[in-house]
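> Since the structure of chain A is provided, determine the placement of chain B on it from the hints.
From first to last, the protein sequence lines stand for chains A and B. Going by this note's numbering, the final residue of the first sequence carries number 305, and the count climbs one at a time with no gaps. Going by this note's numbering, the final residue of the second sequence carries number 563, and the count climbs one at a time with no gaps.
Simulated from the structure, these hints should not be mistaken for laboratory data. On a predicted model such as this, the values are computed, not experimentally measured, just so you know. Every residue, glycine too, gets a C-beta built ideally from N, C-alpha and C. Among the hints, erroneous ones may be present.
[Stated by the list, open to error] Not the full set, but computed from the structure, chain A residues with beta-carbon under 8 angstroms of chain B: (1) Ala91; (2) Asn133; (3) Leu160; (4) Glu224; (5) Leu246; (6) Ile287.
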Amino acid sequence: MSGIYVYSDNFGLSAALLSLAAQSGEEVCAITLDQDQADELVNYGADRLLVLKGDSPRPESYAKVIAELLKKENAELFLVGSTARGRELAAKTAGYLDCGMVSDAASLVFEVGKIVTTRLMYGGSVVQTEIINSLTVVTVPVGKFEAAKNESKKGVISSLEVKADQRVNIIETSPIKKEGIDLAAADKVVCIGMGLDKPEDIQIAQDLAQVLGAEIGCTRGIAEERHWLPVQSYIGISGANVKPSLYISMGVSGQVQHVVGIRDSRIIAAVDSNDKAPIFKAADYGIVGDLYEIIPLLTEALRNA
Amino acid sequence: MAKIIACYKWVADEADLRINADMSVDLSKAKGKISDYDKNAIEAAVQVAKGTGDTAVTLTFGSGKAKQSLKDALSRGPAEGFWINSGSAEKADGAASSKVLAAAIKEMGDYKLILCAEGASDTFARQVGPGIAARLDIPCVSSATGFEVNGNTVTVSRKLEDCVEVVAADLPVVVCVLPEINQPPIPGLKAVLDAGKKPTRELRLEDLGLSETDLAAKTELQGFEAYVMNRKNVILSGDSAADKVKELVANLKKEGII
Numbered sequence: 001m002s003g004i005y006v007y008s009d010n011f012g013l014s015a016a017l018l019s020l021a022a023q024s025g026e027e028v029c030a031i032t033l034d035q036d037q038a039d040e041l042v043n044y045g046a047d048r049l050l051v052l053k054g055d056s057p058r059p060e061s062y063a064k065v066i067a068e069l070l071k072k073e074n075a076e077l078f079l080v081g082s083t084a085r086g087r088e089l090a091a092k093t094a095g096y097l098d099c100g101m102v103s104d105a106a107s108l109v110f111e112v113g114k115i116v117t118t119r120l121m122y123g124g125s126v127v128q129t130e131i132i133n134s135l136t137v138v139t140v141p142v143g144k145f146e147a148a149k150n151e152s153k154k155g156v157i158s159s160l161e162v163k164a165d166q167r168v169n170i171i172e173t174s175p176i177k178k179e180g181i182d183l184a185a186a187d188k189v190v191c192i193g194m195g196l197d198k199p200e201d202i203q204i205a206q207d208l209a210q211v212l213g214a215e216i217g218c219t220r221g222i223a224e225e226r227h228w229l230p231v232q233s234y235i236g237i238s239g240a241n242v243k244p245s246l247y248i249s250m251g252v253s254g255q256v257q258h259v260v261g262i263r264d265s266r267i268i269a270a271v272d273s274n275d276k277a278p279i280f281k282a283a284d285y286g287i288v289g290d291l292y293e294i295i296p297l298l299t300e301a302l303r304n305a
Numbered sequence: 306m307a308k309i310i311a312c313y314k315w316v317a318d319e320a321d322l323r324i325n326a327d328m329s330v331d332l333s334k335a336k337g338k339i340s341d342y343d344k345n346a347i348e349a350a351v352q353v354a355k356g357t358g359d360t361a362v363t364l365t366f367g368s369g370k371a372k373q374s375l376k377d378a379l380s381r382g383p384a385e386g387f388w389i390n391s392g393s394a395e396k397a398d399g400a401a402s403s404k405v406l407a408a409a410i411k412e413m414g415d416y417k418l419i420l421c422a423e424g425a426s427d428t429f430a431r432q433v434g435p436g437i438a439a440r441l442d443i444p445c446v447s448s449a450t451g452f453e454v455n456g457n458t459v460t461v462s463r464k465l466e467d468c469v470e471v472v473a474a475d476l477p478v479v480v481c482v483l484p485e486i487n488q489p490p491i492p493g494l495k496a497v498l499d500a501g502k503k504p505t506r507e508l509r510l511e512d513l514g515l516s517e518t519d520l521a522a523k524t525e526l527q528g529f530e531a532y533v534m535n536r537k538n539v540i541l542s543g544d545s546a547a548d549k550v551k552e553l554v555a556n557l558k559k560e561g562i563i
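Next up, chain A with everything else stripped away, as it sits in the complex (with noise of 0.2 angstroms):
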């Protein structure tokens, strides 16, 4: 077996991709359905960039082919990037080759005859760690891994006619409004949750956000029960994952779900009144009280710090 081929729709998430696949030593293919981002792609790390020119725009639609070819070219490892499409595409294909796959890789090293990955599980409770030795599919999430630009190196591009799967059309995008929120890339995050009682209250979070130029967030059951804030407000699973410098929490009990998704944060500060809710284990600085009074006390302080 040989060869570590990679994908991602998303053009960042490809190059990481082969600056990690670069490391195995083992001969990397960079798969495209776009000449130009094969153009973009050569100096990450690849030797190859195959560029599959098929009848759909949707990569999914690409799930059988890549698998016909990936056991045709005796691949080691199928690296895709974990965005909607990509895991669509991944699990396909690892279904189609009945190979083990490994959804969002925390980690992935390259060891003498094997791969050893590791994946949260339980809402990030726990951590698997598993062996690789035969042709398996790792999805890997972004902001994992860097792309790192490698002059010296420049991969071949060569391209293949395919057939895509016909049988599901795009009839029409639109993009997201986002309603002013990009919490993935905030540097402070003020959250609320199942704590706060009513929904005007949300002004306390409001006030503490504008004195520290953060952005609000929120618990699954703040948007997705009670509607509070849209859904694209809501950290954790299935949710946002957010990586600022500050998260501070009022009335978020820590449930598993939701800390998966404030892991990355630098510090975390909680405030509820539950000296036993589980946020406590997961942040920096805890303060037990009633947020109806804590907050505006911090929103204060901070205003004259």
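Quick look at chain B alone, frame taken from chain A:
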């Protein structure tokens, strides 16, 4: 009337997970539950079947422990519950689960729509829906926030990173739903009582032409332990709220945050 099949997984409730002193994970005291997001898939199946006049059924692959899930699943509205009973489910990876579910779907026959959640609340690997589609060689549409069946096609809205995409796919198809697709109601007493009278069917691996060796894990499991977040865990202990706030501000300054 064709079948609209909602797949679900009976998982250990993560709230009952215990971490031992040596960082090993104890799931032995964890209660089971239908994976949270699978409730959305079941509700979606029930709702769409109402409109199309088809029959919503549920399908699960689980050990003997999953038997108790059937009544819970059926109390949510489907007409019949299918259960592949095998101890191998406890260790099944995405490949094994999708292989077994796909084989069962073939055995059940006459299906037009298969609904899965994006991922299970224990592993959240998001492999099984597309894996089933590949093994049945039928189309798959993931990240669905809404869908509509018209004749032989399904129109699905998908939430991607930067856009909403509407696609049309030929039936039969696997649709993987996001939690925002609906709000599954809590079953009422009558629904719970009725569920006990609904038919259930138990399948075995051998009924599906599969054996445990077909389901062997594809990767070698090396570790399964608690993930430790290195945090300071300082509870600010000032006498008054104002003191605590003062301490927090001082710490944030020390950390260079403000």
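> Hint by hint, say whether it matches the structure.
Here is how each hint holds up against the structure:
About 4 angstroms separates the beta-carbon of Ala91 (chain A) from the nearest beta-carbon of chain B, less than 8 angstroms, and the hint is met. Proximity of Asn133 (chain A) to chain B holds as hinted, the smallest CB-CB distance being about 7 angstroms (cut-off 8 angstroms). Below 8 angstroms, beta-carbon pairs count as interface contacts, and Leu160 (chain A) has none with chain B, the closest being about 21 angstroms; its hint is therefore violated. A distance limit of 8 angstroms between C-beta atoms decides the matter here; for Glu224 (chain A) the minimum to chain B is near 6 angstroms, and the interface restraint holds.
At its closest, the beta carbon of Leu246 (chain A) sits 5 angstroms from a beta carbon of chain B; the interface hint therefore holds under the 8 angstroms criterion. Restraint check, Ile287 (chain A) versus chain B: the minimum CB separation of about 5 angstroms is within 8 angstroms; hint holds.
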